[in-house]
Amino acid sequence: KQEVTQIPAALSVPEGENLVLNCSFTDSAIYNLQWFRQDPGKGLTSLLLIQSSQREQTSGRLNASLDKSSGRSTLYIAASHPGDSSTYLCAVSPPGANSKLTFGKGITLSVRP
Amino acid sequence: DTGVSQNPRHKITKRGQNVTFRCDPISEHNRLYWYRQTLGQGPEFLTYFQNEAQLEKSRLLSDRFSAERPKGSFSTLEIQRTEQGDSAMYLCASSSGLAGISYEQYFGPGTRLTVT
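Chains A and B supply the protein sequences, listed in that same order. So this note's numbering is basically just the index in the first sequence, starting at one, shifted up by 1. So this note's numbering is basically just the index in the second sequence, starting at one, shifted up by 1106.
Worth flagging that the hints you see were computed from the coordinates, not collected in a lab. Among the clues, some could well be false.
To be verified - Ranges between beta-carbon positions, derived for each pair:
| hint | chain 1 | residue 1 | chain 2 | residue 2 | range |
| --- | --- | --- | --- | --- | --- |
| 1 | A | Val14 | B | Ser1179 | 42 to 52 angstroms |
| 2 | A | Pro9 | B | Ser1133 | 38 to 48 angstroms |
| 3 | A | Glu57 | B | Glu1184 | 33 to 43 angstroms |
Unchecked claim - A few chain A positions that, by computed beta-carbon distances, are all more than 12 angstroms from chain B:
| hint | residue |
| --- | --- |
| 4 | Val14 |
| 5 | Gly17 |
| 6 | Glu18 |
| 7 | Leu49 |
| 8 | Asn64 |
Since the model is a prediction, treat every value here as computed from it, not as a measurement. For glycine and all other residues, C-beta sits at the position ideal for the given N, C-alpha and C.
The following block holds chain A by itself, in its conformation from the complex (with noise of 0.2 angstroms):
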């Protein structure tokens, strides 16, 4: 059974500040894997989706890569501001027909000012 892992869960850093969120799972046959943020209440906004046969992914601040042999992923986060704070979730899905995720618990950021 895949098993997802986000360690911390908990993080709080100046504005400014470069970081990095991890994620880990256990089973590294998996097809592509998706960062999430969600904010209090509030569905999940997609970030990143990494395919399996890709090594990283850009958009704006955001860079995510994929280890898939150590079953690791990692999201840098550039230059945070306080918009940034959200819970930031990762997610993997099977190969397979059936693209259904699963989730960590979640990494909560805070970036104060």
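Keeping the supplied structure of chain A fixed, place chain B upon it in accordance with the hints.
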């Protein structure tokens, strides 16, 4: 296209009552997913449709839960005889995809269910 929509956004019900939620996916997406999220946890998969066919159901989906997607468009999730343990955020997502290929999932705002 305004994205995935869900109604209602909030539902408060008494234990034992039935509730129904609706999800309207992005119009060109043929895949639709339901997830459930409790406080402090990541979403957990409940069920999945490709067009109108329900292809997989999680063991989390007890016989009190039923989902439909008539004509492969919107979907409904019904919970019968609600219990306090059903209190959660119910999230719907959609994606495009061909057989064997998975694409990015887009989530709706969720329906927050509170069972008193």
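Structure-based check of each hint:
no.: 1; hint: A/Val14 with B/Ser1179: 42 to 52 angstroms; in the structure: 44 angstroms, holds
no.: 2; hint: A/Pro9 with B/Ser1133: 38 to 48 angstroms; in the structure: 40 angstroms, holds
no.: 3; hint: A/Glu57 with B/Glu1184: 33 to 43 angstroms; in the structure: 42 angstroms, holds
no.: 4; hint: Val14; in the structure: 21 angstroms, holds
no.: 5; hint: Gly17; in the structure: 29 angstroms, holds
no.: 6; hint: Glu18; in the structure: 25 angstroms, holds
no.: 7; hint: Leu49; in the structure: 9 angstroms, violated
no.: 8; hint: Asn64; in the structure: 17 angstroms, holds
Checked against the numbered hints listed earlier, the structure breaks hint 7 alone; every other hint is satisfied.
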